[in-house]
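**Q** Please work from the sequences and hints to get the whole structure.
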Amino acid sequence: MSVRVRFAPSPTGYLHVGGLRTALYNYLFARRHGGVCILRLEDTDRTRLVEGAMEKLIESLAACGIEFDESPLKPGNHGPYIQSERLDLYKTHAEKLHQSGKAYFAFDTAEELQAMRERRQEQEGGGGYDRKKMRNEITLGAEATQKLIADGADHVLRLLVPENDTVEFEDVVRGRISVRSGDIDDQVLLKSDGFPTYHLANVVDDHLMEITHIIRGEEWLPSTAKHILLYDAFGWEAPRMAHLPLLLNPDRSKLSKRQGDVAVEDYLSKGYLPEALVNFVALLGYNPTGDREVYSMQEMIDLFDLSKVNKAGAVFDLQKLDWMNFEYLKNLDPQRAARELMPAVRAAGYDVDADYVARCFALLRERLRFTADLLTVGDYMFADPREFEEKFRKKHWKDNTAELVQPFVEQLRRAETFDHESLHKLAEAYTAEHEIGFGKLMNPIRLMLTGKGAGAGMFETMELLGRDTCMRRIDAFLGSLA
RNA sequence: GGUCCGUUGGUCUAGUGGUUAGGACACCGCUCUUUCACAGCGGCAGCACGGGUUCGAGUCCCGUACGGACUACCA
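By our numbering, the letter at position 479 of the first sequence is numbered 1728, and the numbering carries on one by one without gaps.
Read the hints as simulated data drawn from the structure, not as lab findings.
These numbers come from a predicted model, not from an experiment.
Built from N, CA and C at the ideal position, the CB exists for glycine as well.
Treat the hints with care, since some could be wrong.
[As the list claims (entries may be wrong)] Derived PhoX-like pairs (lysine-lysine); straight-line CA-CA distance at most 20 angstroms:
{"id": "1", "residue 1": "K1440", "residue 2": "K1396"}
{"id": "2", "residue 1": "K1340", "residue 2": "K1440"}
{"id": "3", "residue 1": "K1569", "residue 2": "K1579"}
{"id": "4", "residue 1": "K1701", "residue 2": "K1689"}
{"id": "5", "residue 1": "K1579", "residue 2": "K1519"}
{"id": "6", "residue 1": "K1701", "residue 2": "K1644"}
{"id": "7", "residue 1": "K1340", "residue 2": "K1323"}
{"id": "8", "residue 1": "K1643", "residue 2": "K1689"}
{"id": "9", "residue 1": "K1351", "residue 2": "K1440"}
{"id": "10", "residue 1": "K1640", "residue 2": "K1560"}
{"id": "11", "residue 1": "K1503", "residue 2": "K1579"}
{"id": "12", "residue 1": "K1351", "residue 2": "K1382"}
{"id": "13", "residue 1": "K1643", "residue 2": "K1701"}
{"id": "14", "residue 1": "K1323", "residue 2": "K1305"}
{"id": "15", "residue 1": "K1506", "residue 2": "K1519"}
{"id": "16", "residue 1": "K1305", "residue 2": "K1519"}
{"id": "17", "residue 1": "K1569", "residue 2": "K1503"}
{"id": "18", "residue 1": "K1345", "residue 2": "K1440"}
{"id": "19", "residue 1": "K1647", "residue 2": "K1701"}
{"id": "20", "residue 1": "K1689", "residue 2": "K1644"}
{"id": "21", "residue 1": "K1689", "residue 2": "K1640"}
{"id": "22", "residue 1": "K1519", "residue 2": "K1569"}
{"id": "23", "residue 1": "K1506", "residue 2": "K1305"}
{"id": "24", "residue 1": "K1579", "residue 2": "K1647"}
[What the hints assert, rightly or not] Label pairs and their computed distance ranges (CB to CB):
{"id": "25", "residue 1": "D1442", "residue 2": "G1377", "range": "17 to 25 angstroms"}
{"id": "26", "residue 1": "E1639", "residue 2": "K1557", "range": "53 to 61 angstroms"}
{"id": "27", "residue 1": "Y1480", "residue 2": "G1301", "range": "56 to 64 angstroms"}
{"id": "28", "residue 1": "P1656", "residue 2": "R1541", "range": "49 to 57 angstroms"}
{"id": "29", "residue 1": "D1633", "residue 2": "Q1568", "range": "30 to 38 angstroms"}
{"id": "30", "residue 1": "K1579", "residue 2": "G1509", "range": "19 to 27 angstroms"}
{"id": "31", "residue 1": "A1678", "residue 2": "Q1568", "range": "38 to 46 angstroms"}
{"id": "32", "residue 1": "W1485", "residue 2": "P1324", "range": "18 to 26 angstroms"}
{"id": "33", "residue 1": "K1506", "residue 2": "G1401", "range": "34 to 42 angstroms"}
{"id": "34", "residue 1": "G1314", "residue 2": "R1618", "range": "20 to 28 angstroms"}
{"id": "35", "residue 1": "G1314", "residue 2": "S1505", "range": "20 to 28 angstroms"}
{"id": "36", "residue 1": "E1300", "residue 2": "R1618", "range": "51 to 59 angstroms"}
**A** Structure representation (structure tokens):
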């Protein structure tokens, strides 16, 4: 049987980084095994609909290189792929469950349920839905139940959980898990608005869509027993389960908005490269080899092994993300960087072309954290410096510096060629002749040309800037001293 | 409270009975050097605890502690 997996987010309006990892593992697993990866939208909560959420989700996923074989935008043979368009399916399956005596109707109000919970908490130290004491098909009988429904009473359908049973299943990452059925609540399957709950919709869809492996976050582990019960009730075989460890805040609680960014789009708009984010997130709770950190998508696919996924949650460490991003930044194609930078370059009013920006990026990339830093870290590549760092100036510009540098400046003005190699030779000859250290000459030049004490090699910088710009800046600086 | 799950340096991890417990981030130091970076080299630091099983346990079993998730007509 060929592998079919799905990523099934609810449309909250953004893609959570934890969701990104879940989607990624599903994608990797499918690709690794020549299977199919499906995107299904779980929008059964009508109170939490967000406009345009699906498009955003798909966009973020696509930006990270995750594409689906079947999705709402690319239907296959198992559609529809949006749960709100599958209501009839849930209804007919719920009916089957009711007819076979595996589920029953209930009429309790929210207040009654609340009161019941408080009572059980106090008197019995907890417990789920008390089916023998509440208003439902079991206490009321079939006839009264039918009449109530016919009269239009609000009702839900609940799963009749067997009393003395043990639910067991094998999780790919956690091994055998077993739960006593007595500890499982009579879960609501159909809500009073006619929509299914997650549990029903999920099970019905996974079966109908012929999902072979459910790969999802650990927060679903406690619900899985309920789902197994549902598969049993339908007489279906359950897919293989794999519950991924949670992504954690630094304080080891579940990764949340309160403690930082959780949306993929937040990271992308801050300038993290999607490849880096994906690589980073892939290694949270998993490492295919243990002695490497950087993997291309193809390598991750080739090496992916679900059984190697860790059991413990992993802290989302921004410092390591930064490092990972830098690893990708160092190898980023300068032309691509330039392309992404051009709008900002134009907006800043700099009259340079993409090729120049690309060369600047190649020169300065090792001093950037994000691509966009080029415009600040390397501002002097685009405009003459207006300010000169006081500390650097004090340290490298002494009373006799102008005098010492003057002849070299004239050599620069007349130099036959202005490429970095000949400039380097020129400077070497000059410092040798005047018996001064290299820094004595180059630091003042750096100051005059860039205004700051941090930057790429001076000769490469000068070559890129060009002679006219260099001389203009030097003359301006020297002129301002008088 | 109950149920379930987890626990290798500060963080991410490799490790499936015999290793001087490996790698990475961060941190510290050194080297390189025209600045800042990069790079290279070195250092700090770990198997939660207690019992078993075994000739031998980070690895297997039990317990304890700690942590987390779940406990909705949300997903």
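**Q** Within 20 angstroms, alpha carbon to alpha carbon, are K1569 and K1579?
**A** Holds - the C-alpha atoms of K1579 and K1569 are around 15 angstroms apart, at most 20 angstroms.
**Q** Taking 20 angstroms as the top limit, are the C-alpha atoms of K1503 and K1579 close enough?
**A** 32 angstroms, violated
**Q** Taking the beta carbons of A1678 and Q1568, is their distance inside 38 to 46 angstroms?
**A** 45 angstroms, holds
**Q** Between K1506 and K1305, is the straight-line Cα distance small enough, at 20 angstroms or below?
**A** At roughly 18 angstroms apart (the allowed maximum being 20 angstroms), K1305 and K1506 satisfy the hint.
**Q** Using the Cβ atoms, figure out if D1442 sits within 17 to 25 angstroms of G1377.
**A** With Cβ atoms ~22 angstroms apart, the hint holds.
**Q** Between K1643 and K1701, does the CA-CA distance stay at or below 20 angstroms?
**A** 12 angstroms, holds
**Q** For the range 51 to 59 angstroms, tell me whether the beta carbons of E1300 and R1618 fit it or not.
**A** Once the Cβ atoms are compared, 34 angstroms apart, the range 51 to 59 angstroms for R1618 and E1300 is violated.
**Q** Against the 20 angstroms threshold, does the CA-CA distance of K1340 and K1440 hold or violate the hint?
**A** Answer holds: K1340 to K1440 is near 11 angstroms, not above 20 angstroms.
**Q** Compare the distance between the alpha carbons of K1323 and K1305 with 20 angstroms, and conclude whether the hinted pair is satisfied.
**A** At roughly 16 angstroms apart (the allowed maximum being 20 angstroms), K1305 and K1323 satisfy the hint.
**Q** Go ahead and decide if the range 30 to 38 angstroms is satisfied by the Cβ distance of D1633 to Q1568.
**A** 36 angstroms, holds
**Q** Does 20 to 28 angstroms hold as the CB distance between G1314 and R1618, or does it fail?
**A** 22 angstroms, holds
**Q** Please verify whether K1689 and K1644 have alpha carbons no more than 20 angstroms apart.
**A** 10 angstroms, holds
The structure does not agree with the numbered hints 7, 10, 11, 24, 27 and 36 stated previously, though it agrees with the rest.
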